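Once you have looked at the hints, place chains B, C, D, E, F, G and H with the ligands on chain A.
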Amino acid sequence: MKKEIRISGFGGQGVALAALVLGKAATLYEDLEGVMTQSYGPEARGGASSADVILSDAPIAYPFVQQADVLIALSQEAYKRYRPLAKKDALVLIDQDLVQPDNSDSVKAIPATRLAEGLGRRIVTNIVMLGFWTSSSGLVKRENMEKALEDSVKAKTLSLNLKAFSTGFEYGRTRERPHE
Amino acid sequence: MKKEIRISGFGGQGVALAALVLGKAATLYEDLEGVMTQSYGPEARGGASSADVILSDAPIAYPFVQQADVLIALSQEAYKRYRPLAKKDALVLIDQDLVQPDNSDSVKAIPATRLAEGLGRRIVTNIVMLGFWTSSSGLVKRENMEKALEDSVKAKTLSLNLKAFSTGFEYGRTRERPHE
Amino acid sequence: MSQAIVAEKHPLDDLIRADRMPHIWCPGCGIGIIMRCYAQAILDSDMPIDKHIVVSGIGCSGRVAGYMKLDSYHTTHGRAIPFATGLKLANPSLTVSVFSGDGDLAAIGGNHLIHAARRNIDLTVVCINNFNFGMTGGQVGPTTPQGAFGTTAPYGCQELPFNLPGLLKACGANFVSRWTAVHVRQVRDDIQYAFSKPGFAFIEVLAPCPIGFGKSNGIDDGLEEMEMYRDRSVHIQEAKASEEEMVIDLRADHPIYVGRFVDRDRPPFKPAEALKS
Amino acid sequence: MSQAIVAEKHPLDDLIRADRMPHIWCPGCGIGIIMRCYAQAILDSDMPIDKHIVVSGIGCSGRVAGYMKLDSYHTTHGRAIPFATGLKLANPSLTVSVFSGDGDLAAIGGNHLIHAARRNIDLTVVCINNFNFGMTGGQVGPTTPQGAFGTTAPYGCQELPFNLPGLLKACGANFVSRWTAVHVRQVRDDIQYAFSKPGFAFIEVLAPCPIGFGKSNGIDDGLEEMEMYRDRSVHIQEAKASEEEMVIDLRADHPIYVGRFVDRDRPPFKPAEALKS
Amino acid sequence: MTRPAVLTGKHFMHGDHACAEGALAAGCRFFAGYPITPSTEIAEHLAARLPEVDGVFIQMEDELASMATILGASAAGARSMTATSGPGLSLMMENLGLGVMLELPTLVVDVMRGSPSTGLPTLPGQSDVMQARWGSHGDFAVIAYSPWSPQEMFDLTILSFNMADLYCVPAILLADEVVGHMVEKVTIPPEDKIDHIERKKPSKPADGSTYKSYLVEDPDLVPALPFAGEGYHIHLTGLTHDERGYPDMSAETHDHLVRRLFEKIQKNANDIIRVEGYELEGARIMVVSYGCTARSAHSAVLQARAKGIPAGLLRLVSIWPFPECIIRDLSKSIDHFIVAEMNLGQVRLEVERVVHRDVIGVHHAGGAMIPPEPILAAIEAVAK
Amino acid sequence: MTRPAVLTGKHFMHGDHACAEGALAAGCRFFAGYPITPSTEIAEHLAARLPEVDGVFIQMEDELASMATILGASAAGARSMTATSGPGLSLMMENLGLGVMLELPTLVVDVMRGSPSTGLPTLPGQSDVMQARWGSHGDFAVIAYSPWSPQEMFDLTILSFNMADLYCVPAILLADEVVGHMVEKVTIPPEDKIDHIERKKPSKPADGSTYKSYLVEDPDLVPALPFAGEGYHIHLTGLTHDERGYPDMSAETHDHLVRRLFEKIQKNANDIIRVEGYELEGARIMVVSYGCTARSAHSAVLQARAKGIPAGLLRLVSIWPFPECIIRDLSKSIDHFIVAEMNLGQVRLEVERVVHRDVIGVHHAGGAMIPPEPILAAIEAVAK
Amino acid sequence: MKVYDRTPLNLDRMVIPHGRVYLIPERCKGCNICIRFCPMQVLQESKGQNAKGYHYPEIVEGKEDACVHCQFCMIVCPEFAIYTDAGEGSTP
Amino acid sequence: MKVYDRTPLNLDRMVIPHGRVYLIPERCKGCNICIRFCPMQVLQESKGQNAKGYHYPEIVEGKEDACVHCQFCMIVCPEFAIYTDAGEGSTP
Ligand SMILES: Cc1ncc(C[n+]2csc(CCOP(=O)(O)OP(=O)(O)O)c2C)c(N)n1
Ligand SMILES: Cc1ncc(C[n+]2csc(CCOP(=O)(O)OP(=O)(O)O)c2C)c(N)n1
Ligand code: SF4
Ligand code: SF4
Ligand code: SF4
Ligand code: SF4
Ligand code: SF4
Ligand code: SF4
Ligand SMILES: [Mg+2]
Ligand SMILES: [Mg+2]
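Quick mapping for you: the protein sequence lines, in order, are chains A, B, C, D, E, F, G and H.
Residues 1 to 180 in the numbering used here are what the first sequence spells out, letter by letter.
Residues 1 to 180 in the numbering used here are what the second sequence spells out, letter by letter.
Residues 1 to 277 in the numbering used here are what the third sequence spells out, letter by letter.
Residues 1 to 277 in the numbering used here are what the fourth sequence spells out, letter by letter.
Residues 1 to 384 in the numbering used here are what the fifth sequence spells out, letter by letter.
Residues 1 to 384 in the numbering used here are what the sixth sequence spells out, letter by letter.
Residues 1 to 92 in the numbering used here are what the seventh sequence spells out, letter by letter.
Residues 1 to 92 in the numbering used here are what the eighth sequence spells out, letter by letter.
Same shape as in the complex, but just chain A (with noise of 0.2 Å):
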């Protein structure tokens, strides 16, 4: 088993902080090897970009995202931009209004950022996303992604962070399926 995860969106949309709480409820809280890798530097800034994430149960030599199995697109401009490099057939998780895809693209869609400002905080959209591939994807069971949430935020946003992910998870095991 092998899985390229790509996390994507515009500067701000915490795509870091999701790639990372992935990253460590695979590697620590399951026995996968993980790598995650991120754009940086100032050319950056702005327009789209993205957090990586490979899983595996072997070693992983290579640590890029080379073609994504799963795309996570939090933006228009990042879906333009990356949904070409990941595979045809990858698993493409979108929030639905901020993102109109192909005709041609089979996704998932979400409307993340609306039920993150439902649960008061914009900022948690992220995690509603991570809930929403965690239960999409099946491949990182739910209590490891929230033990991973616990070590990666600040204590005081924790409940936060688990309604947010609850959310996502939610709305992914109840409401998702139609849209494949």
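The set of hints was computed from the structure by calculation and includes no laboratory data.
Here the structure is a predicted model, which is why all the values come from computation and not from measurement.
A couple of the hints might just be wrong.
[What the hints assert, rightly or not] Not everything, but these chain A residues come out facing chain G in the computed CB check (under 8 Å): (1) 10; (2) 47; (3) 75.
[What the hints assert, rightly or not] Take a look, some chain F residues computed to stay more than 10 Å from chain C by CB distance: (4) 29; (5) 66; (6) 77; (7) 80; (8) 197; (9) 203; (10) 204; (11) 228; (12) 230; (13) 262; (14) 299; (15) 329; (16) 349; (17) 358.
Each residue gets a CB set at the ideal place from its N, CA and C atoms; glycine is no exception.
Same frame as chain A, now just chains B, C, D, E, F, G and H with the ligands:
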């Protein structure tokens, strides 16, 4: 023909200038090859210092004096330090008031400092010595040494220097012989 | 509401590398504001545009050289001033300006700054002081106010910052002023004045850096920092303040003193001339 | 006339590397005088000798470290202050002094000087200002008075020198004084005072360099330069002089202003402490 | 909340942070540095962590100061370090040489980026390898390791400190942006399982006589230098010096000193050198690689093996001193050497020199990690 | 009294002064430097001479500034130079790399002394050879010549300026203290007999369109850079850049750029390289040497020949780019290579690499010129 | 007294001019500085966004003629994105 | 007023002491500073010289008892070559 010449004394006696004049005369006005070297640096301050010239009718590869054929010594310390490094049968020229040669050593002596003081300025002792060497060695023509002197000293001190040179030269030509 | 007229070209586009717009600076970053002042000053100056040269070091502010449509040199971190010195001395007909950041000019480049000021090299130096190293991600630097936070000062900056005008004055610069990104007209005026003033001119401009500095220090965006400058700036002519009070302190209600600190006429550096005979 | 009593050992020999005497400094050089003041200050200080550390850069003055019988570090040109900073911060129980020349501290080392002063690192820095680079043979430097000659300024130095006390004051040092090699008691006193004063202390001492500076400038020997200092020194408390007049100018009858320029109590640099929980 | 120095346990950790944690685990309590991408996170992490363990963090005005300051701290007995990247390393060169000459152990972490000059600040390179060996004027020798993972950012930081102290020399951790910026699992052992080598100290207490700091009698050629403030009244100088540390301007002393500094590393090379072999069994084609590129090389070698090509990988964990003997030994049974590195040919030149024949290089000037494909292609090309 | 720029005629001249006069004869009118033994006499001489010819002499605050300043002067179109020695060269490394990246020609004179660190300031060494090649971070290439006499201090200074301008790269004159401080006959030709190569300039005048500073179409791989103030509105950056000089953070652009900078020198190596052979006829033992040491090597070879030993001398007048082809060609007829140099083995390593076999080194770390005797002994040892 | 003054320095000298606002929307990064510092409060954040997702300024309803061509928006815009010219009805 | 004053600062406080002058002749470099700055003009240049050729100080004839042990010669000697102690007849 190859001659290694060392002019030695203490700092401020102008041994470098003397060596420079000698080198110029030989290389620019006679058709000799010549190289001048000298010791540098703070540890070389005070104590004995030397300026060396090698003259030859063939190109000179190794530019440092290995065993001097000629040693001009303007201080006791310089004599003490450099006499053993020179050839046994080297031509040794000393200021007889400043240097007490070893008994066994056959040297040519001149009261150079006293003669310079007689001309009014002690600092031309080096040039007196150069004149003395010119007549004693016969290696470089007097007029060539004088031309080199012209190139090397400030215009306003030239006549003094020429006088000093001539004093040394004449001393050597007329009076020095007996000491041999 | 209605749309503004959509344009393709800005009146100053001939002076900037419009083909590189938008630039890399973050939304609300003050560097672009100061660069515009510079472009305007060039336009308004007596020297032909072709003779204006801009040199930068490394940093966000150091990118200015890359956006001005002049002969422009983006050098190494801290070395803009000596590079500019070489340009100016080798061709005195050039009007050479240095644009760089507080870190570039006052941290790694501090030695060149003080010596060029001492020698009074005929340069116009614009220092964009955003109180931090923006480019590398918000580290503190020699201009970070005491108590401010940065990624290398998670417990707050304990060092006192330089008071750059005071430092430059002590070194001997001919012209020294301090403004903020809100003082756009004064900045433009001083840059233009510096072009024609012989000797070393140093113009410090406080500028918002919402990403590097604001984020660590509870300043939400560039606009908020601009408003702070507007509200807290006090002209030195209107205030009696000691040298020590001129040090920038963003805590409490400490004023930010701005204005022209030095304007004098020491002879600028020129190479020795041999006595012709 | 009669002989002085011939001795083998000097009362301060336990503080110096007597096995290296005589030192390399030229006859009449002032460095040895200042080094003696330092040795005396150590002897008179409250700190145990073993805890006194001396760090030098490169230059004639930089050789001081090699002649003091202390743990002593002769580093690279210009880097004595950061090396000393490492020593002091890694072991705050040490009393760390820096002894170096004007070129070492203010030319190549200028950036460290201003930043250490700004940070107020707890060091005692003695700068032997002989107006030139003695070690390399009399080149001009950032302290060479205008109009003076040097081997790299055969037509006279055109640059204005730093006024070091003014510079250090602008940077933020806690203690700044200037004396000459004639003011042996004041130098000793200030060094000793600096040992116990927290923060950055800078003591500039003008010292004769008959070989590097004197020779090019018609000063016959160290003694003559000592007499010039004696005759031209004016205490800043006795004179009303502007900052600009404090700049050393050896032409005409310009006084040499000496004294304590700064003595203040800004907190010295100390590493951040995490909030213990 | 303050955390202990050694964060025993499993972590999903950023390479630069792993380096910082390795330093803390090694007992490093002194960091002086100047920010530069892609090493800045080491400084930032230590700015937060060192105060938690009563250590000193200081951000200097430049890299010249950083290097000099960590040497001063070392002289006072601290395990000290800095972190930088190419442009900063260039600025440290003079004082790196001072560290070599004074024999003060310290650690310089160089997280390599696309070079020369400002180059590609946020992208990877491996082109400071030769600079680490030759960048300061004069002959000298240092120790350099090259991690290929965040775990090794941790492990080799500790090893570097130990080797630096053992041989009284600055060590360089030649990391690259890929390894510095990637996040991977890092296991931190319990504190008592972490190797710690102490610096050699004088065997006798100070007694007022002139202590001979550089009198070296042990066969390892390493002196026993006291720390500042211990009463030995030592003198350390960057000038050529005798056993007392006093300046001595003779060519003999110089040759003796410089050779010892050099041979101190050469003679102990076997103790310092670390290499790892993969698929060595029966290999006829040997890929030599290091740092992040070795990950791709490993992958390429496995793929080649899968195709039946007898390829192997020699991964240089240490780069300096160069593992000459190991490579020369290996070369007897190897038909083709391939060096894969993110530069235009640096270690390749060394391998060529050592194996006395031409060596194939898989090079890229930097900006992106070399993927396995070109390495595999090179293997296949010679396998034909 | 002011003298002309070219002092045509015969002189008994100090090596450092000969270098300075060479610079003036080459049209250099800009010197920025910082004093350091044994190069200071170059600065001192130019401080007196440059004002006589309306040139600029400026003493900077340090070597970092010196290097940056001469690059600025070069950007303005001046032939510019600095002079230093090892410690200063170490400090110039970052900005040397900038010069390479911006493709600004200039001259750095390094009068080598006993190293590493402060070492032996007034005594000779030859141990900055590898530093000249590898001292700045990243891959790069420079041009370096090594004079063996004051005459060559003059001649090679001119050649260095010409090659720097021809290939838009900093050149390094790797002199040593012996050659820098010795006084010998120097013949200065008439002004019109002095070679002068102009920098390539744009073929079209500025026309307001974006001038592509780094669009390189000529087979020599050298761009045509305008000077500052000519109206082209060029941009030069130490960042990786495209043909317009604009930053471009792609790995492809980087590889393309860095390779061109490197190959610009490699491809033109035949034009740059200068070697001299002595007693090559029938030689089976080849001594390779350079700088002052080559004088002793020459003497040793002559002595060997006198004893009937078929020894020859290959003197490297240029060191970088390394004369690989020449040495490899030679190696076919040579049984033994001996490299004589005042360091612990630098050019020797290159020769070993190139000739694919072990090479005998006659080394001394510095402080005193290697005399002919040990070189002769090495020749005799292999002749047996 | 504060140095900065909201009233443009040259306002009093002008025969109340009329300005037209121009914008290069793709350059705008939505920093809002022009909006907040316009002395006439002519500008407001748009609902729409450019390709990068930034909300550029637009003209407040009813303020189409309120711009006095003081140029402050041009002067403070960090992006060279906005400027004005003298509209027809103004005295130059 | 000049800061430096030839009169040693503590002279007035002292019960005119008597000093003995000690010298390490081989360290002396003949700079004459001690000689010129001795407030009692106790010292003069010797005719004799040390091994390096320097003329070290000696005591002026008739001034054998003139030294007041002010220590200024010790304080200014750059060579750690000269010092004094309190001679027998002096109050310490
Ligand atoms: C020698 C060197 N050291 C460090 C860096 C990394 N660096 C790049 S920009 C910068 C600081 C920039 O700060 P400042 O000059 O204030 O500019 P800003 O980004 O804040 O505008 C640093 C440390 C570098 N490029 N080169
Ligand atoms: C990097 C470097 N550059 C230059 C030098 C040469 N150098 C040695 S001492 C010195 C100047 C010394 O001047 P100063 O500090 O005033 O000391 P002084 O000799 O006058 O006491 C110089 C330039 C050096 N050693 N290292
Ligand atoms: S980091 Fe700060 S200085 Fe840099 S572009 Fe962003 S806002 Fe401007
Ligand atoms: S050159 Fe000057 S500073 Fe150096 S020892 Fe001689 S007199 Fe003293
Ligand atoms: S020019 Fe700009 S700032 Fe001035 S009134 Fe018009 S819109 Fe507002
Ligand atoms: S100031 Fe410029 S960038 Fe900011 S909102 Fe206005 S137009 Fe946009
Ligand atoms: S102590 Fe020295 S200076 Fe004082 S009186 Fe005696 S000899 Fe003179
Ligand atoms: S001061 Fe010292 S060195 Fe000078 S003359 Fe007196 S004893 Fe000699
Ligand atoms: Mg900044
Ligand atoms: Mg000095």
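Okay, the hints, checked on the actual structure:
no.	hint	result
1	10	holds (7 Å)
2	47	holds (7 Å)
3	75	holds (7 Å)
4	29	violated (8 Å)
5	66	violated (8 Å)
6	77	violated (7 Å)
7	80	violated (7 Å)
8	197	holds (19 Å)
9	203	holds (18 Å)
10	204	holds (16 Å)
11	228	violated (5 Å)
12	230	violated (7 Å)
13	262	holds (20 Å)
14	299	holds (42 Å)
15	329	holds (40 Å)
16	349	holds (30 Å)
17	358	holds (41 Å)
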